[in-house]
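Engineer: Since the structure of chain V is already known, use the hints to place chain G on it.
The residues making up each chain are set out below.
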Amino acid sequence: MEVIYLLIAFSLMVALIFLGLFFWAVKSGQFDDQYTPSLRVLFDDKNSNKTTSNQKNRDE
Amino acid sequence: MAEPSAAISSGICFHCGELCQDESVKFADKDFCCTGCKTAFQILDESGLCSYYDLEISPGINLKNTKSRTRFDYLEDHEVIQRITDFQNAHQLSITLYIPNIHCTSCVWLLENLQKLDSGVLQTSVNFLKRELSLLINTQETSLRKVVEQLTTIGYEPEIRLDKLDAKSAKSHHNRSLWLKLAVAGFAFGNIMLFSFPDYLDAGNSGLGGQFHVFFGALNIILALPVLIYSSSDYLKSAFAALSQRGVNLDVPISIGIVALFTRSVYEIVTATGTGYMDSFTGLIFFLLIGKLVQQKTFNRLSFDRDYKSYLPIAVNVTDKSGDERSISLDRIVPGMEIRLRNQELVPCDSTLLSDKAFVDYSFITGESDPIEVTKGELVYAGAKLSGTSASLKTEEEVENSYLTKLWNHDAFTNNDKELKLTSFADRISPYFTVAVLGIAAFSGMYWLSSSGMEQALSVFTAVLIIACPCALALSTPFTLGSALNVLSLNGLFVKNHLLLENLSKARSIVFDKTGTLTNKEQATVHFFGESLDQEQKALILSVCKQSVHPISRRVSEFLLGPEISTITPDSFFEVSGKGVFASFQGKRVCVGSRDFIIEQTPLSDAQILEPQFSGTVAHIAIDGEYLGCFGIKTGLRSGIYDLLTDMKQSFGIFLISGDNESQRDDFSPLFNIENSLLFNKSPEEKLSFIQELQKENQKVVMIGDGLNDAGALRQSDFGIALSDDISSFSPACDAIVEGDSLKNLKNFIDFSQGSMNIIIMSFVLSLLYNTVGLGFAITGHLSPLVAAILMPLSSISVMVFTFLTTRYKAQKLGLAIWK
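As they're listed, the protein sequences go chains V and G.
Each residue of the first sequence is one higher than the one before, counting from 3 in the numbering used here.
Each residue of the second sequence is one higher than the one before, counting from 479 in the numbering used here.
Watch out, some of these pointers could steer you wrong.
What the hints assert, rightly or not - Dumping the calculated DSS-like pairs for lysine-lysine here, alpha-carbon to alpha-carbon at most 27 Å: (1) G:863 <-> G:884; (2) V:29 <-> G:884; (3) G:1222 <-> G:1127; (4) G:1112 <-> G:984; (5) G:608 <-> G:624; (6) G:1127 <-> V:29; (7) G:863 <-> G:1178; (8) G:715 <-> V:29.
As the list claims (entries may be wrong) - Residues on chain G that point at chain V, a partial pick, calculated with CB under 10 Å: (9) 607; (10) 654; (11) 672; (12) 675; (13) 690; (14) 694.
Quick caveat, the hints were computed from the structure, so don't treat them as lab data.
Ideal placement from N, C-alpha and C gives every residue a C-beta, glycine not left out.
Next comes chain V alone, as it looks inside the complex:
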């Protein structure tokens, strides 16, 4: 049962990494504007359109 020491240490470390990442996200301003990113999701990437059509031509 002593293995529980190791397991808890690992799990705490992983959890702390996540906490650190959250801190980083808040500090770099991700949580300041919570609405505009939802609009950015809708943007298309024009370049990807071109590559898929090229692929289609090659496959045919």
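Structural biologist: Coordinates of chain G only, in the frame set by chain V:
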């Protein structure tokens, strides 16, 4: 390359989606309503930005009626640049611009791809709700002026107002620390709960050995420590501050609970007498911080603190001695300069007119809605809007010393901080609460001291302090008011601060402004008196009126506008300011204007012209010397106001106060109670003192207005509401903003806020119930960590759910919307 050509058509503009009425410009097989839209399309097409049109249908902004090109010369002035930019060095410049035309996904896409339009733009970022664009420009490749001019050409003109020259708005970083504290508390809460679980199940010390107790106990303390020091720091600091000033607020009993929890738990773990209450402790902080986060919801896109500086533009055109015009920023204006203003531009400071004649509109300042004619040499006050032909003026005062700003020196503005004086109901009962808790703890401690001894007594003493911690009590106010604010915002009323809602609930007198608030300038009712006109006659009148910018012409043309009526360009057109217009179409002579004008221009005599029974402006029509009738124009009441006033008459004291003249007194008398509740011709200071008088009679006053002339009254009242039809346009400093269409729900809003206050009291009772049950456990010495860990989160969550459901139920009963 397709040649642009003009032709009459009824297509839809590809860029902005509006009907191509008079003429349409064709380009690249597409129709545009004007050359402005065509130019915008051309620019986007050449830069490969046509995805703009893919994201939304006709996302462009109609550029047809943009006022004469705003000049941006002042953006080359180094001093101005330094004051309006966020950051500047030798190569780069960063600025945040407010662009009111941002309204859809396409706008965001286009503005974030601005580098394709101008390679000098390095980075862009849009904040949609605030309608702000943050730019980073390479000053060696392009300039701020060029970028702003490009933005204007594609329809996204930034609004640069005088307040931008002043202190920067502090970025709200304090909100970030709340997220961090919440994260720490949540992290600790989750992990401690996990580590405490074995201890709950392990009643008889079997299975897990003694070492694990020590290990888990140590972990609990280590995880709980940052929560005490960092996450709960606000509560501890606030309680300390209150106590050092011999006051008691709600944070005092909370801090007592926090400290008791932590010390008792540490004691128990270190002496191995128990498992401690760390899970309840971190859970408590976690829920309290959630409450704070809910409380901090702000309406970012609205500004509740605007003053005259956000009303005036940042620069004005100055004519120098050689006759050239330059754009100069407003703080450089000194008396004696000659400024040139065009239609719809604002007079920035008190000036005298140099041109022979001009028309100005003081509606926003004094409430007078009709344009006033001023002659050469007359004084024109700052804040007046020029309508019609352009004019030259000579400045007499600096912007700061003008009549307009004197209003801001009134007491109401300097020592008025309504929010500081407000204490929530919870803060008011907290002294009694603290005393009661300490009393109960002391008594039960002494009882157990006499019956069992010190250890049990201390244990019960701390148990009482722990369980009586008013977590649920602290949550009921922010959650109820947060919920209430949310519901109100869905219904068109945006309140600045949740505590102000209490003032609204206690309202006894309501004061309305007239122009623009109860009346709607755009909704003027037009009646035609005379024999009905045929299509041809309507077309002629419409064509004449379209050539003029006078408000009367605009109302008539709006009235006549219809699908079958086409406009014709006249052969000649002439407008006599303030009197009327006439034009000829292939020999037919059309006259529209006042009675005297018609008599002057046509062979008609006084007797032949109608005298309609009408209170309001009248425009007579004559075609080819034949009198056809007249249009009566009256500014109309907003829809729903009639019912609102009749409803409110019963239970509130309602008053009308206006800077406009008495002409509409008879229209409003039946809607208000007593004769002296209708007041006209009031200056801004008189409005303010009227509110003060009402307040002396111990009444809570609500003021509703929309112009700068209401600014003083709005500040003085207990709850000032600014009316705004367009959220992005100016509205003076206020406690709440209401959308024009939602004003008719005012009575429901007040009833709802009263209901919310009742809900707060009910949730207090609910949380006190939990406290009582918990106290039962504590006093009898049966408070185990398990009981505490169940009871405390349960009380918090149930209060949250209760307030959420009851506010929405109350809203629904009053007919307010609860969904978007």
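Engineer: Compare the structure with each hint and give your call.
Structural biologist: Do the hints match the structure? See the list:
1. Taking the CA atoms of residue 863 (chain G) and residue 884 (chain G), the gap is about 19 Å. The hint holds against a cut of 27 Å.
2. Between residue 29 (chain V) and residue 884 (chain G) the alpha-carbon distance is near 43 Å, which puts this suggested pair outside the 27 Å criterion.
3. Distance hint between residue 1222 (chain G) and residue 1127 (chain G) is fulfilled; the C-alpha atoms sit about 14 Å from each other, no more than 27 Å.
4. Taking the CA atoms of residue 1112 (chain G) and residue 984 (chain G), the gap is about 36 Å. The hint is violated against a cut of 27 Å.
5. A distance of roughly 24 Å separates the Cα atoms of residue 608 (chain G) and residue 624 (chain G); the hinted pair therefore holds under the 27 Å criterion.
6. A threshold of 27 Å between alpha carbons decides the hint, and for residue 1127 (chain G) with residue 29 (chain V) the separation of about 53 Å lies outside it, so the pair is violated.
7. Distance restraint check for residue 863 (chain G) and residue 1178 (chain G): the Cα-Cα separation of roughly 34 Å exceeds the 27 Å cut-off, and the hinted pair is therefore not satisfied.
8. Of the supplied pair hints, the one linking residue 715 (chain G) and residue 29 (chain V) holds, its CA atoms being roughly 24 Å apart against a limit of 27 Å.
9. For the restraint placing residue 607 (chain G) at the interface with chain V, the shortest Cβ-Cβ distance is roughly 5 Å, inside the 10 Å limit, so the hint holds.
10. The restraint placing residue 654 (chain G) at the interface with chain V holds, with a minimum CB-CB distance near 5 Å, inside the 10 Å limit.
11. For residue 672 (chain G), the interface hint holds, the least distance from its beta-carbon to any beta-carbon of chain V being 9 Å, beneath 10 Å.
12. Look at residue 675 (chain G): its Cβ only gets to about 12 Å from chain V, farther than 10 Å, so that hint breaks.
13. Hint status for residue 690 (chain G): holds, given a least beta-carbon distance of 7 Å to chain V, under 10 Å.
14. The criterion of a C-beta within 10 Å of any C-beta in chain V is met by residue 694 (chain G), whose closest approach is roughly 9 Å, and the hint holds.
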